[in-house]
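Asker: Listed in order, the protein sequences are those of chains U and L.
The numbers in this note's numbering rise by one with no breaks, and the one at position 78 of the first sequence is 164.
The numbers in this note's numbering rise by one with no breaks, and the one at position 350 of the second sequence is 337.
Please keep in mind that the hints were generated in silico from the structure rather than gathered at the bench.
Don't take each hint at face value.
Claimed, not checked - Per the computed footprint, the stretches of chain L lying under chain U, defined by three or more beta-carbons under 8 Å from a beta-carbon of chain U, are:
| hint | region |
| --- | --- |
| 1 | 324 to 337 |
| 2 | 382 to 396 |
| 3 | 503 to 509 |
Claimed, not checked - Below, simulated DSSO-like cross-link-like pairs (lysine-lysine); rule was C-alpha separation at most 27 Å, straight line:
| hint | chain 1 | residue 1 | chain 2 | residue 2 |
| --- | --- | --- | --- | --- |
| 4 | L | K128 | L | K404 |
| 5 | L | K432 | U | K106 |
| 6 | U | K106 | L | K458 |
| 7 | L | K220 | L | K203 |
C-beta atoms are modelled at their ideal positions from N, C-alpha and C, and glycine is treated no differently.
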Amino acid sequence: MLFLSQLLALIRKELLAILKDPSSRTLLFAPALMQALLFGYGATYDLTHAPFAVLDQSRSAASTEIVARLEGTGVFHRIATLENTSQIAGQIESGDALLVLQFQPDFAAKLAGGAEAPVQVILDGRNSSTAGLASAYVSSIVAGYNADQGATTPLTIVRRAWFNPNFESRWNLMPALIASLSMLQTLMLAALSVAREREQGTFDQLLVTPLTPTQILIGKALPSILVGLLQSTIIFLIIRYWFGIPMNGQVWLMYLGLVTFTTAAVGLGLSISAIALTMQQAMLYTFIVIMPLMLLSGLLTPVQNMPEILQWATYANPLRFGIDLVRRVYLEGATLREVSFDFIPLLAVAAVTLPLAAWLFRHRLS
Amino acid sequence: MTGFTVTAEDLRRTFDDADVGEVVAVDGLSMRVREGELTALVGPDGAGKTTLMRMFAGLLKPQSGRLSVLGIDVAQDPQSVQDRISYMPQRFGLYEDLSVQENLDLYADLHGVPMDQRQERFGRMLEMTDMARFTERPAGKLSGGMKQKLGLACTLVRSPDLLLLDEPSVGVDPLSRRDLWKIVQQLVDDEGLSVIVSTAYMDEAERCAQVFVMDKGRLLADGSPAELTARAKELTFTALPPPGVPARELQARLIDARDLVIDAMPQAGNVRFIKQPDAGDADLRQLLDGIETEARTEELEDAFMMLLRAQDKDAPAGPAPEAANTQRPATDDKPVIVVRDLVRTFGDFTAVASTSFDVARGEIFGLLGPNGAGKTTTFRMLCGLLPATSGHLEVAGRDLRTARAQARARIGYVAQKFALYGNLSIRKNLEFFGGAYGLRGRALKARINEVVAQFDLDPAAQSGQLPAGFKQRLAMATGLLHQPEILFLDEPTSGIDPLARRAFWRTITALAGTGVTIIITTHFMEEAEYCDRIAIQDAGEMLIIGTPKQVRARAGDGAGQTMNDAFIAVVEQHRENSRSRQVAA
């Protein structure tokens, strides 16, 4: 009972301190809101405006038909019609055109003769994923043309993408933000919480009270966790209702995952905070930590593509499992049993960092 | 002695404060400072000393009035003044990662000291500061006193026409303070340097040829120390309390009688006091109640206190202590603090070497020592902020190693600098700390109301914006909220003016009267006189523990000996002994 009333006093003070400080007050809502919208609109791999140029030396019905189909997609815009091969390089190098479509002079003749008639596509490979997408588009259009011409194709691949029927990268990215964006804020908030008190000298005053390290730990962690969940909720609502990405899984399961994940992140933040002597140090350490956390999380690049040693390193990264968990529950509708493995590394990180922080409160010497 | 280094006429300077509005730092001040002399600016905190110094140095422009330094109008041409003066601010900008020599080189470069003059100048500075042995040591690794000496050496890499020193001895222990003044004195004697120094120590002001007493931006008085001291002529006495009566109890009685007594301070087991010029003999006799008094030679400090008291007659004597009775509760024999063979090491550095002592209930126990002596380390171990390396440590009957939280529940702590939540109101701070100590509901409310009344605080005020004196009252209120058995105070009086210090000690002695044990560290040696017992540490070792009287006796006799002298003697004796031991070994 005494334990709880002491704890309550500390939690109330922590929340007050966050709410009273105008700068941390804006930190609660503004970044989550802004970044969620920015990511939603700005960060996309989808091909929506692909400029291309055409060098049609065959000037045949077939070549015109293919170009028309390409433009008909609404994704490709013809920005130039070239006269000779020497102009190709200029278009690609300047970045004006993502690809150049070239039809050889004998294209129509070969086609009519039933021979193989190549369509040459020159792509700007500097942005490999966009180029890859564009080339896939062009192949499928050519394949479609072939099919309409009654050309025999031995094998047809019918694609059906699950969980994200239109392959929209926004769908892949945004649920991951529920975990990753809120982590940025909570990590910073937790990292500053103890460091601020150390810098201002209030931590000594806190340490001479009968509060135990466990109470201080819970009192410092809970407000940060609450703020983290609040941020996740803001992002979740934006994704679900503003961008309208459908949720297939259970909301409670996602929140169970988020609570575990945020606790691990706060544990990390508090450990940083307990080590740092000043707010400046805490800030610096946080920035050093955040970059690898992001890179090794699978947010932008799949973990399976990384070298094995880095894949092992990702097990210590709560963000990897937080993102995995949220993505799978949100998009796949995964059940608790299916995502249960994700909880293990998260709990392990929390189980190490939280006691470490509590120990450091008293044993970190200035 | 013909010219004046500084001539000021009706100087005024204000600052805008977002919370308080306009603050007048220097208010219509006129003064003339003579050439080739040591001149002191004295005054309580917030008197405007630093502002004035910065205006002399051309770092701040006066808003009105005329100021000429070395015959140059500073406001018009600050650069030519700065080319000829040296200014040492309170916190001198040493580069902590650079060595002593590199710092000197750097400042010589900055001031454009010619190469051929440097070796001679450096040699002289290093010799005067006695730092030739430490030229390779990084400045950050020096003790506080050494840093201050290095700061002075860097300020003096070139030969200025005027030297400005802004409170050079704040936070510096008595030994380093003495060394610092030796250097300054030498410069004045040998080079005929003009020096203006601001200080809170009267013994320092006494060394100067001319003293300016300031308060609230105005000049209260000026003159030679002798002229100023004469103001207290025939008003100064020493009261001799009978054996068994602690000097501080008599002191408390005297200082509370404000109509009759201007000031009272315990000294050497007696109480020195200044009577009001118009105090009737009969009233005074009644107050003293048969206690013997002797006339005492007046000192500069007496005159200073008279000037300040005349300024704020209505200032409260200090927060009223909660229990008026100075009767001590029956003391059980069990000490409240037991320390046995306490050791603390940091790596291979021993900060505190095997230390043992006891503190009895209701005692005022002072921890004294030069900078880096280990008193802060000892203090932090006692209040549970730092784990001991080895040894036994018992506080309020609880072992600090096994029952830390229970031990902490019975102690109160007041940090050196303000350590409460500045953006929360006084009430929120008290509510939080009360809650942390396990108070809640009605009991918490009642206690908050009590301390708020006791320390005369406004619960709605935001704590970060309080004036320094009130911040300290809040810190005391917070420390006493849970009615602790022991109160720990870490240099509570550093940086506060003499009047506030008197008020503060009045509260402390009253608290001790109610049976609260007080553990206190301080740099002001005269404050040791308030303590029942004091402990002096040096280089991690406990040199002496005893009553102020015992400490003075041990230091060697001499009736007029101040605590400051006793302290220096004890530390030097010890250093001498350990040196000869080393030589013998």
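Asker: Indicate, hint by hint, whether the structure satisfies it.
Answerer: How the hints compare with the structure:
1. 324 to 337: That given contact is violated, which follows from only 1 residues of the region 324 to 337 of chain L lying within Cβ reach (below 8 Å) of chain U.
2. 382 to 396: holds (count 4)
3. 503 to 509: violated (count 0)
4. L:K128 with L:K404: Between K128 (chain L) and K404 (chain L) the Cα gap is close to 22 Å, so the pair holds against 27 Å.
5. L:K432 with U:K106: Given pair K432 (chain L), K106 (chain U) holds - Cα atoms ~22 Å apart, limit 27 Å.
6. U:K106 with L:K458: holds, 20 Å
7. L:K220 with L:K203: holds, 26 Å
Consistency note: the structure conflicts with the earlier hints numbered 1, 3.
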